[in-house]
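Work the whole structure out from these sequences, hints included.
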Amino acid sequence: MIARERSELVWVFLTGAVAAGAMCDPAAGADAVGTSPVSRTASVARMAAATLAAGTTATVAAHAEGSAGPVAEPAGYWTGDVNAPTPTTLQGATVVNAKQVRKLLGTGAVVIDVSNAPHRPEHLAPGAPWMPAAHPGIPGALWIPGAGMGVVPVSVETYFRAKLTASTGGDLARPIVIYCHSRCWLSWNAAKRAVSYGYRNVSWFPEGIEGWRASGQSTTELKPLQPPAASPSKTPPAPRAPAPSPDDDDADSRVVLPA
Amino acid sequence: MGTVTNSTRAHRVRVLWLIATLFALLVAALPEAAGAQEESDPARTARWKALSQAIFPGRPLQDGGAVIQLDAPPRALDAALVPVTLDFLTNKPVQSVYLIIDDNPSPLAAHFSFGPKADVHSLKLRVRVDAYTNLHAVAETRDGKLYTTAKFIKASGGCSAPAGPDDAAALQDIGRMKLKLLGPFTPGQPLQAQLMIRHPNFNGMQMNQITRFYTPARFIRTIDATYDGSNVFHLDSDISLSSDPVITFGFVPQHRGQMTVVARDSSNATFNHSFDIPGAGG
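Order-wise, the sequence lines are chains A and B.
Heads up, the final residue of the first sequence is numbered 605 in the working numbering, and it's a clean run with no missing numbers.
Heads up, the final residue of the second sequence is numbered 287 in the working numbering, and it's a clean run with no missing numbers.
Don't read these hints as lab results, they were simulated from the structure.
Glycine included, every Cβ here is placed at the ideal spot set by N, Cα and C.
There may be inaccurate statements among the hints.
Cβ pair distances, simulated, as ranges [unchecked claim]:
#: 1; chain 1: A; residue 1: 508; chain 2: B; residue 2: 126; range: 55 to 63 Å
#: 2; chain 1: A; residue 1: 472; chain 2: B; residue 2: 121; range: 47 to 55 Å
#: 3; chain 1: A; residue 1: 452; chain 2: B; residue 2: 76; range: 29 to 37 Å
#: 4; chain 1: A; residue 1: 574; chain 2: B; residue 2: 227; range: 30 to 38 Å
#: 5; chain 1: B; residue 1: 76; chain 2: A; residue 2: 468; range: 30 to 38 Å
Just a sample of chain A residues kept apart from chain B, beta carbon distances all over 12 Å, derived [as the list claims (entries may be wrong)]:
#: 6; residue: 445
#: 7; residue: 452
#: 8; residue: 454
#: 9; residue: 462
#: 10; residue: 571
#: 11; residue: 573
The structure is reproduced here in structure tokens:
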């Protein structure tokens, strides 16, 4: 019992440190668009430390739960907390680092950013300024928010699929790189989704935009691409009913992987 | 899982605890060199210029180092609950103060206007921070001048952090209030009080953990605190206020009386409560 509480304490402590160190959410570290990268050594070291710490967090948390080892790949899509430690693998896809992403860019890979986009809530005071900060991305990337949700609205899924078809020219062998932020499941889900569509050269870049910047690469400002008719706010309201069990398959709203 | 496993486990946990602490220290110590550069980034300066022009069109901002001090942890443990303290340093009468979180999509987090019963020395609140950002506090003195000060903080993800595991539970007891006096009650002497309001302050960017859809925005838009019918402060707030807002403010009670707090949210719900000052036992 004491051991468990202590483990949780470590977890809480580290979550804070990692969240602050790894910059895991939308527009995090959006300090510069096209400006010089931060001190390279410090950043790389920080990323390494953050990654290690994230690994330790996972281990300790897993330990507290009575299991062991790193984060396992879920059977379907991840529907838990988006900003959490991710697996180190993705079945059917290749895991790549910043250097490999740069190489892939040179070969004409399609790059997709699936980070969340801020959306203006209703009832904001009329005079309140709504000014989302610039979203830095890998040059040439397509930013498709929502494509990495655990359960994706039909409109977003259709749009994501169509954008992939258009940008690859329908070539299932064309390399595709999918990323969001470090320690973020959205890109893992989206890459898995792309694999399920039959793309054979899908790369998942788990270090995300933070890893890209830490490796000294430049960024450009991206604008979100969204299906024209249905924004996230038009998705059906949250049902009040209890949580659906994983067996409750709703073929309309998510892709079911072949067993 | 027998006794042997238990002692092995305890040992393993101790080792992990040690490793974890070391890494945490490493993470905490490393990024300072990088931080300095991020902070002085020209993009941040440009962002603030655009923001200040949008919020204070045509009004010059003066350096406020001698007027107002802004304090927040440089590295927030929880981006959805970043404590901010504003201290007012001069005898210049301050009539209002703005708190701006530069890189939040809705940057103007709070605007406090002080009334005749206010004691404008210190103010505390908790906010959500979406990205590494500058915070700006702008004090408006009674002669209409604006004084600003800034602080760079590292926190991210607070805007999409869920308020709790369950939206329905978060809405329970909505509007319940508490007021705590932070010092002895002496008529005519300034007194600090801490106001707590139960409200999820859904900002419309939090995703429901189970349905994966956005929880509709519902947040506190105004809070009015009056003492014996005379205004202490009026707050215009926004989606950047943390859930279950906690505000610490000063006032000057001339005698025993009642503090009345009225909060209105974006669904046009009104919550009010009156507190006896000094209250039972005071």
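Confirm or reject the statement that residue 573 of chain A sits farther than 12 Å, beta carbon to beta carbon, from all of chain B. Answer for residue 573 of chain A: holds, closest chain B Cβ roughly 15 Å.
Holds or violated: is the Cβ of residue 454 of chain A farther than 12 Å from all Cβ atoms of chain B? holds, 30 Å
Given the hint of 55 to 63 Å, check if residue 508 of chain A and residue 126 of chain B actually sit that far apart at their C-beta atoms. holds, 59 Å
Take the C-beta atom of residue 76 of chain B and the C-beta atom of residue 468 of chain A, compute their distance, and say whether it sits inside 30 to 38 Å. The hinted range 30 to 38 Å holds for residue 76 of chain B and residue 468 of chain A, with Cβ atoms some 33 Å apart.
Is 30 to 38 Å right for how far apart the beta carbons of residue 574 of chain A and residue 227 of chain B are? Since the Cβ atoms of residue 574 of chain A and residue 227 of chain B sit about 36 Å apart, the hinted range of 30 to 38 Å holds.
Mind verifying the non-interface call on residue 571 of chain A? Its CB should be farther than 12 Å from each CB in chain B. Holds: least Cβ distance 18 Å, greater than 12 Å.
Status of the stated non-contact between residue 445 of chain A and chain B (beta carbon gap over 12 Å): holds, 20 Å
A cut-off of 12 Å on Cβ-Cβ distance, and residue 452 of chain A was said to be off the interface with chain B. Does that hold? The assertion about residue 452 of chain A holds, with a minimum of 27 Å to chain B.
Outcome for the supplied range 29 to 37 Å, where the beta carbon pair is residue 452 of chain A and residue 76 of chain B: About 48 Å separates the Cβ atoms of residue 452 of chain A and residue 76 of chain B, which means 29 to 37 Å is violated.
Consistency of the no-contact label for residue 462 of chain A, given chain B and a CB cut of 12 Å: The claim breaks: residue 462 of chain A does not keep its Cβ more than 12 Å from every Cβ of chain B (closest is about 6 Å).
Quick check on a hinted range of 47 to 55 Å for residue 472 of chain A and residue 121 of chain B, using CB atoms only. Given range 47 to 55 Å: violated, Cβ gap about 28 Å.
Comparing the model with each numbered hint stated earlier shows that hints 2, 3, 9 do not hold.
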